[in-house]
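Engineer: So you can see what is in the structure, the chains are spelled out below.
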Amino acid sequence: MITFSSYFDTAFLVLFLPVSVAVYMILPRQNLRRVWLLLCSLFFFWCDGKGLLVFILLSTLFMHHGGLWLGKLQNELDAALTDLPKEEKKAVRERFKKRKRLVLAFFIALELGMLAVLKYAGFFVNNLNGLMGLFSSGTRFIVPHFLLPMGISFYTMQAMSYLFDVYRGKLAPDTNIGRLLLYMSFFPNIMEGPICRWSDTAESLWNAERVTYERLTRGAQRILWGMVKKIVIADRLNPFVQNVFGGYDVMEGADLLHFDFTAYPGWVVALAAAAFTLQLYAEFSGTMDFALGLGEIFGVHTPENFQRPFFSLSISEFWKRWHITLGTWFRDYVFYPVSMSAPVKKLTTRARKKLGNRFGPLAGGAVALFAVWIFNGLWHGAGWNYIFFGMYHFTLILLGNIADVVMIRFSEKTGFKRDILPVKLFRIFRTALLVVLGELFFRAPTLRQGFSMCGRIFTQFITNQTVSRAAWGVDWKDAFIVGVTAAIMLVVGLLQEKGKGIRERVSEKPVVLRYLFWYAVVLFLVVFGAYGAGYIPVDPMYAEF
Amino acid sequence: MKKHVLSAVIFMIGLALLLLLAGLVFMPKSNTKEAGIIDAAANGILGEPENTVDTLFLGDSLAYSAFIPMHIWEETGSTSYVCSTGEQQLQYTSELLKKAFTHQSPKTVFLEANVIYRKVNLGTVIYTKLYDAFSVFRYHDRWKDLSVQDLTRRKNYSWTDDEKGFRYFTDVRAAEETDYMAGDEYASAEIPDLNKALLKELADTCAEHGAELVIISVPSMKNWSRAKHNGVRALAEEIGVDYYDLNAPGTLMIDWQTDTRDKGDHMSYSGAVKVTDYVIERLAEKQALTDHRADPAYAPWHEAFARVKAKNAQ
Amino acid sequence: MDELLDLLRELDPEVDFENEEALIDDRILDSLTILALIADIEETFDVTVPAVEIVPANFNSAKAMYEMIERLQEEG
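Protein chains in written order, with the numbering used here: chain A, 1 to 545; chain B, 1 to 314; chain C, 1 to 76.
Calculated from the structure, these hints are not laboratory results. Remember, predicted model here, so these are calculated numbers, not experimental data. Some hints could be false.
[As the list claims (entries may be wrong)] Far from chain B by the CB rule (all over 10 Å, computed), these chain A residues:
| no. | residue |
| --- | --- |
| 1 | T10 |
| 2 | P28 |
| 3 | R93 |
| 4 | H145 |
| 5 | F259 |
| 6 | A263 |
| 7 | K345 |
| 8 | G383 |
| 9 | Y386 |
| 10 | K424 |
| 11 | F461 |
| 12 | K477 |
| 13 | G483 |
[As the list claims (entries may be wrong)] So the derived label-pair ranges between C-beta atoms look like this:
| no. | chain 1 | residue 1 | chain 2 | residue 2 | range |
| --- | --- | --- | --- | --- | --- |
| 14 | A | Y519 | B | A189 | 42 to 52 Å |
| 15 | B | Q149 | A | V522 | 20 to 30 Å |
| 16 | A | P343 | C | E14 | 26 to 36 Å |
| 17 | A | E88 | C | F45 | 20 to 30 Å |
Where is the CB? At the ideal position from N, CA and C, for every residue including glycine.
Bound conformation, chain A alone (with noise of 0.2 Å):
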């Protein structure tokens, strides 16, 4: 009947949207909101899938499980513990590790299996059949291809966390499944995320709190702003973006003439691997300030995502400002517990020893954040172009604390100052360099064309070929609007770098000023943006991760 693309479907924004929150709104008791927004979070998710829903459904029910088996597991520790001598404790606490270990163990395996196979599969069996063509071995492996559940990748993680957390005792397992079915499903995040903790988000979600106008104004406003990023940069950079990472077809006569990257010069090929980073970024971010927005008017506290990420002076920096989430939990789950294992603390301390303070936590640090990048890259998707941009990351963290460190001795020395002004920008330059030159390997469709398209930005940059107006995708009106709609946005990310963001200054202002405000926007996004006949909006670029 329905299916929703995206949150910036027409579908969703002249039915879904005022639906849900208009019911949301009337409705006098807090349990009726609650099952609202179950309700629609469920129906949204059997929009785009109808029976994957079930794989929700498990993923829920085996946290809950879980949770609860982990919970019952502490609180035999805390019996056992009480009345016992000092010396005995060590050895009871040991056992119950043990235990609640292998059921950890048992449950995220669950987790991750649907996960892994449903994503993962075909990729893993592709490249074993490649293999075994290697030793000429004539037995092949059927590649299967499966349906992939609305937001696998972003779910499973909230999961996840919340299973490690149990464990930790830092959470106490909730009983009530229905509560995490609304964390799990919660139809705004489901799509591209925030991935959520069940101690940030959770409780807020239950509460259901009635709508007020502050907040119902706020969270419009909000999602108007992600509404521009997305549809006016990021669907109209689409065209330019499409053609020259996966070619154009030009009729010429009778035929159908295909042509790929190698019809542009490198530096075309270079601006378009520019332009699909700010893409990546105004739909993603776009797509967090709608999600974010709506929660908002819900009264949830979903945490934020992104932190004007092109003001980052390091490669480092910058993956702590550009989909947040994603980073933390990588942190607090894979780069913690590798670096406090036993093996790695080991190495950690002897590299200290031999090689300073400042360099030897490098060591045992590489190895956890290896550990992550990897992680990471597999997270994006099956494929050696994600594992590649996860490897190229995690070199260019690495060299750059080694850097860091050398610098800093350099600039004690020499007294040569790192942090006036021309020098943070020349930082900021070379950081987003680096993250568009990442970008086009994570754009492009294959591994071994993102090396020919890196290679033809630095041997053919100029060349003599002519890019027509079909080539482009794009005319210079659309790459005006882009670039004052990329202005406004570096604009609005200094107001909110001085920490007072651009609401709140509107806000204070009369009446008057405030409705001119807003109607210009609106206007602008109507006006400006990239839909209608000859439009095909860009995909949510995040959900297939």
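Given the coordinates of chain A, assemble chains B and C onto it according to the supplied hints.
Structural biologist: What follows is chains B and C alone, placed relative to chain A:
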């Protein structure tokens, strides 16, 4: 609370007015393709002088490939127009019909049945209505060609299509003849509820304007079947309109070697002539044909006919 | 407590560890520095810091760190 509701209402009213105003600016000032009108051929009916079109054809690409107004003119002197667009959905059919009724009062409205089965999304229905009310949504992309004149000039829709909405193709690609209308006598393809509701709305609009709605299926091996025939037949009876199925065996002598331009999907010119001749017979039965050839007010039709003849002879 | 402050100052002499209360939230300490710090703490105070304890609440200020250390010593 009251204060908030009030300010929200005021804000929304202001916004609606603003969008309407923007619509006036962005609306193409002439109904030619160059001026930026979408689906210019179908919208050409807006340029026909008031109350001069006797018959209207609606539908998707099957319709603009099969009904030839200039052939009807040549044979009978009666006027007609094809308001059809590719992949048309019923809510858009409805919108085009309503637009046509603002200046025309056709006696007969033919609806090509293929649109009845095209899936319609509730969201699309709502936003088509929104687009209809606020033309800035449909024509916003004209910001690229906007000039000062758009602020001052009033709209003047006087362009019309010489072919009157029909699209002339010379291609012929034969189809392998199959018994596509065979099959279970009682099978009936279900028409989605939303489509039914839209069709009833369309029938009501016709009734309000004193026009007779007729449902017709032009021959198409790719698109039609016994089950669809039965489904539409039942619906036509339910709302009390005539249904002609030209796919039904024995209705029309279609030669699938020459009468299709793309292997059984659309009609070729020779196929279209056969369909149009059939339509003329039915209109004659209904006494819905008026001969305007001697009327000097219809001189432009003679001129358009001459131009079409010359162009298609090439 | 003084021992802890010495450790911290050695890591980064420019930070006012006595008063700073958002070491993690404001990204003053990055994850690699935390690793070095934990190794120091384990050596100096003879405790083991499990990964579970590495949360912003435990590392945002010198005071919070010290409380954590005391708790770990207690649990031994």
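Engineer: Next, verify each hint and record whether it holds.
Structural biologist: Evaluation of the provided hints:
1. T10: Non-interface label on T10/A violated, nearest chain B Cβ at 5 Å vs cutoff 10 Å.
2. P28: holds, 14 Å
3. R93: holds, 56 Å
4. H145: Given that every Cβ of chain B is farther than 10 Å from that of H145/A, nearest at about 25 Å, it holds.
5. F259: Check passes; 25 Å lies beyond 10 Å.
6. A263: holds, 25 Å
7. K345: Its Cβ never comes within 10 Å of chain B, the nearest being 56 Å, so this holds.
8. G383: holds, 33 Å
9. Y386: holds, 33 Å
10. K424: holds, 37 Å
11. F461: Holds, since 31 Å exceeds 10 Å.
12. K477: Violated, because the least Cβ-Cβ distance between K477/A and chain B comes to about 5 Å, which does not exceed 10 Å.
13. G483: About 15 Å separates G483/A from the closest Cβ of chain B, which puts it past 10 Å; holds.
14. Y519/A x A189/B: 42 to 52 Å: holds, 48 Å
15. Q149/B x V522/A: 20 to 30 Å: holds, 25 Å
16. P343/A x E14/C: 26 to 36 Å: holds, 33 Å
17. E88/A x F45/C: 20 to 30 Å: holds, 24 Å
The structure does not agree with the numbered hints 1 and 12 stated previously, though it agrees with the rest.
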